[in-house]
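Participant: This is what each chain is made of:
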Amino acid sequence: MADEASEERRFTAMYDECRQRVWAYAASRAGRQAADEVVSETFAVAWRRFRDVPDPPLPWLLGVARNVLRESHRAQVRRESFAAELSRWAPPPGGDIAEDVAERLAVVRAMAALPEDDREILILVAWQGLAPREAARVVGCSAAALRVRLHRARRRLVRAVEEPRAAGEEKGSAASRSQVGIIREERA
Amino acid sequence: MSDILRTLREARPEELAPDLPVAEDVRRAELAHAMASRPVGGRARARRSVRPVWGLGAVGLAGAVAAALVAVNVPADGEPGAPAAQPATARTVLLAAAGKADGRPDGTGAFWHVATVSSMAHQVSTGGVRYTVVDRQRHETWTPGRPGAKIRADVQNLGARPATAKDEAAWRRAGAPARFEIRVPIGPNSTVTKTFVTSVKQGPVRRGTSPRPGDGKLFWLGRNVGVKELRALPADPARLRAGLLRWYDGRDTESGAPMSRDAWLYRVASGLVTDMPVAPKVRAAAFRMLADLPRVRSLGRVTDAQGRTGLGVGLDEKTRAGLVLHRLVIDPATGGALAGERVLVRPAAGEGRAPGTVLGSTAVLTAAWTDAVR
Chain D
1 MADEASEERR
11 FTAMYDECRQ
21 RVWAYAASRA
31 GRQAADEVVS
41 ETFAVAWRRF
51 RDVPDPPLPW
61 LLGVARNVLR
71 ESHRAQVRRE
81 SFAAELSRWA
91 PPPGGDIAED
101 VAERLAVVRA
111 MAALPEDDRE
121 ILILVAWQGL
131 APREAARVVG
141 CSAAALRVRL
151 HRARRRLVRA
161 VEEPRAAGEE
171 KGSAASRSQV
181 GIIREERA
Chain Y
1 MSDILRTLRE
11 ARPEELAPDL
21 PVAEDVRRAE
31 LAHAMASRPV
41 GGRARARRSV
51 RPVWGLGAVG
61 LAGAVAAALV
71 AVNVPADGEP
81 GAPAAQPATA
91 RTVLLAAAGK
101 ADGRPDGTGA
111 FWHVATVSSM
121 AHQVSTGGVR
131 YTVVDRQRHE
141 TWTPGRPGAK
151 IRADVQNLGA
161 RPATAKDEAA
171 WRRAGAPARF
181 EIRVPIGPNS
191 TVTKTFVTSV
201 KQGPVRRGTS
211 PRPGDGKLFW
221 LGRNVGVKEL
231 RALPADPARL
241 RAGLLRWYDG
251 RDTESGAPMS
261 RDAWLYRVAS
271 GLVTDMPVAP
281 KVRAAAFRML
291 ADLPRVRSLG
301 RVTDAQGRTG
311 LGVGLDEKTR
321 AGLVLHRLVI
331 DPATGGALAG
341 ERVLVRPAAG
351 EGRAPGTVLG
361 STAVLTAAWT
371 DAVR
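Line by line, the protein sequences are chains D and Y.
So in the numbering used here, the last spot in the first sequence is 188, and the numbers never skip.
So in the numbering used here, the last spot in the second sequence is 374, and the numbers never skip.
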């Protein structure tokens, strides 16, 4: 198998290894539709700069995805898309569900109430499973700074879980129950 | 508070799981989109755009044939495909092609339409039986002559099949599987491999458009160029050569490894004579330039992967797989290049594929201007 055409194979292998994670990162920040576009653009950039891609490639790819997302989707659009996805991920409380399930849903809903920067770091660490050092590479800060930011984000998340309406960053971001309900009806 | 992250981890929506499978059509489309994008930036980083290995349609395929034609100066001794009769010299073949190209009319149309069939030979192993399969894809692209319009690119996986009768016998011994697993490393220097699956079945045509042709510089000429630059190339071989060589810095644009001037020119010019939208007189100039490269050798009559016969010229390269011949199959009737192919001349130790195996081939079915996008 060893011949020079392997660059394409390596790229394809990297794609297979990381694609879904890049997609999940973008989807968790701006919804599924944006994620499709972001993935497409991210790997186009990765191909053009394949030789610059470090090992492991994931933090680098997420960093590219992050830039693509920022350039192509305005903050408000990202927020609204996130709120829309939230209605699928964590429907409003109600019904007879186990306590631990209810707790998880409450945490996801609380994510919507956080400032986007907090949410991003929590997504990278908790949902993407990145080490602080890797997450720091994605957002472009030092590992020390990331730990501080993570600490604060966690604290704000705890508060948002405890006081669902208190932690809203700005209007529209806290996907309140009524909003989520409306979104769900529209999607149905 | 220490539990909040764990709860959050557990609360991750299922659709955000990192190990969810990607739909095959999505995968193909995204890989095609990615690999269709041309390299950007300085020439040290310039890299030719290539057709994705896994049967993905490249947008703006012109120049992709050049990808199949990497060349390095290695003394030639193997002569695969060469007939017993003494062939015309490579120079004669190439000058004749130039003469034919000179007389061809330049087409008109809004789109440069290229249809190709590419094939790659892979070694697979089923239940301990090793054999070679050839995976084929059809690619069709319409590249707008003017910037702004979208690029259309269709791809169809034509399916994989055993390379030779011997491979077919081995495949039958292995139970004639309909799917093949191919292992490749996941990183440039990685020993970790990843498995890909290809099937014997022909797939549907996947239609794609590229919403972002970028700066329109979709073709690779040792640097990124657009249709405009290609149309402005000189028809004088010496000027063409000098113009191209301004981008040569002693290295292979692909690997950064040292590469001779002639090998580099062979590679770049190969794209010009196959499927790039250049004027016929420029294609003729590229043939004349190739005719002046001393290491290019004549192969006599050869048959391309599509079964079409033409006159072959080629240049050898030493690779990890062994000595590989980069050959161009030229249609003597039209002066056009039918295919760019890589042929394994002398396999390296441990290389499972047999001498004479066509490792990769890009056969050009159409390369012409048109107004009709199907």
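There's no promise every hint is true.
The following label-pair restraints were derived from C-beta to C-beta distances [claimed, not checked]:
id : chain 1 : residue 1 : chain 2 : residue 2 : range
1  : D       : Ala75     : Y       : Ala23     : 16 to 22 Å
2  : D       : Glu163    : Y       : Gln202    : 18 to 24 Å
3  : D       : Ala98     : Y       : Ala169    : 57 to 63 Å
4  : Y       : Pro332    : D       : Pro56     : 32 to 38 Å
5  : D       : Val77     : Y       : Leu365    : 15 to 21 Å
6  : Y       : Ala169    : D       : Val77     : 56 to 62 Å
7  : Y       : Pro294    : D       : Ala145    : 57 to 63 Å
8  : Y       : Ala110    : D       : Arg152    : 51 to 57 Å
9  : Y       : Ala368    : D       : Ala143    : 15 to 21 Å
10 : Y       : Gln202    : D       : Ala145    : 52 to 58 Å
11 : D       : Val77     : Y       : Ala368    : 40 to 46 Å
It is worth saying that the hints were derived from the structure and are not from the lab.
For glycine and all other residues, C-beta sits at the position ideal for the given N, C-alpha and C.
Participant: Looking at the structure, which of the earlier hints fail to hold?
Facilitator: 1, 2, 4, 5, 9
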